[in-house]
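Based on the sequences and whatever the hints tell you, model everything.
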Amino acid sequence: MDFNGLFSNFGELTTTGLTQGAIYALVALGYTLVYGVLRLINFAHSEVFIAGAFAAIWTWNGFGLDQNSQVSGVGSILFYLLVAMIVAAIASAGTATVIERVAYRPLRKRNAPPLAFLITAIGASIAISEAFGIWTRRLPEGAPILVSSKPLFHLFGVPIDSVQLLTIGAALLMMVLLDLFINRSRTGRGIRAVAQDANTAALMGVNKDRIILMVFITGGAMAGVAGLLYDVRIQTLTYSVGFLLGLKAFTAAVLGGIGNLRGALVGGLLLGVVENYAAGLFGSQWKDFAAFAVLVVLLMFRPTGLLGESLGRARA
295 MDFNGLFSNF GELTTTGLTQ GAIYALVALG YTLVYGVLRL INFAHSEVFI
345 AGAFAAIWTW NGFGLDQNSQ VSGVGSILFY LLVAMIVAAI ASAGTATVIE
395 RVAYRPLRKR NAPPLAFLIT AIGASIAISE AFGIWTRRLP EGAPILVSSK
445 PLFHLFGVPI DSVQLLTIGA ALLMMVLLDL FINRSRTGRG IRAVAQDANT
495 AALMGVNKDR IILMVFITGG AMAGVAGLLY DVRIQTLTYS VGFLLGLKAF
545 TAAVLGGIGN LRGALVGGLL LGVVENYAAG LFGSQWKDFA AFAVLVVLLM
595 FRPTGLLGES LGRARA
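Using the working numbering, read the sequence shown as starting at 295 and increasing by one per residue.
Hints were generated in silico from the structure; no laboratory data involved. Remember, it's a predicted structure, so these values are computed and weren't measured experimentally. No residue lacks a Cβ here, since even glycine has one placed at the ideal position from N, Cα and C. It cannot be assumed that every hint is accurate.
Simulated DEER-style distance windows between Cβ atoms [claimed, not checked]:
(1) Phe586 to Ala425: 24 to 30 Å
(2) His448 to Ile428: 42 to 48 Å
(3) Phe373 to Gly427: 28 to 34 Å
Below, the structure written as structure tokens:
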């Protein structure tokens, strides 16, 4: 155990962990939304993330940018980021919509058992992943350098660069907007009503199918933004990267309290920090082990996660 390495790089490990955790948190929001309403683990959500990530890169390619391109000028950077974010969110939301309509809705109409949903989710995940693998010939796709990784300022002696600031700031902003949408809008009230009691909500005039579709669209849009941020941060994307990232995002959702939107944010940030500390203390090969070990230990003492409040009980 390298305690000197952990303490000497504590600040950098923390900021890097928060940056990665912010991406986990955005993807985790999709898991927690679907579970909060349907009590269903959508294991195909990792491929919803991948759809947005590829859509962002292909959007930049459409503008003539490749992995060797470096964009300068604040206006140009904001334009490329905004356009790619919109396209990524639409692509992920569209993928989530297709999954809900093709894979899940027919099962709901037939009152299929939970195991059927689980198997269908895994099948959809593999099918979409392989489709991207065939389309890209299993080769990595590179993103242009839009945001410089040079330090902007120092916080308590720790350098903070543009990528970290963008990733964490975007995740917090999306979380605030989603929280306001769920707690303040009419559709959000419908989502909470269906999450609490779908049958009673239907008797009160809530269209259950429309609400469920909106949940998939909203969670998909969040995953699309996460895909964009992943491209900006990592700058290399492969078709299979969603598997492990999706598992960690699901872990983050459970860690914070699955079905709890704020819990997904807390769980994602915490997971990113913990795995980075483990990498500094034990070595990078222990990073993934630590992330899942922390989940097991926490659930032994708090099975409902850190916050533990379900979506149906959320209040403004």
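### Message
For a quick check of understanding: which of the numbered hints are violated here, in increasing order?
### Response
none
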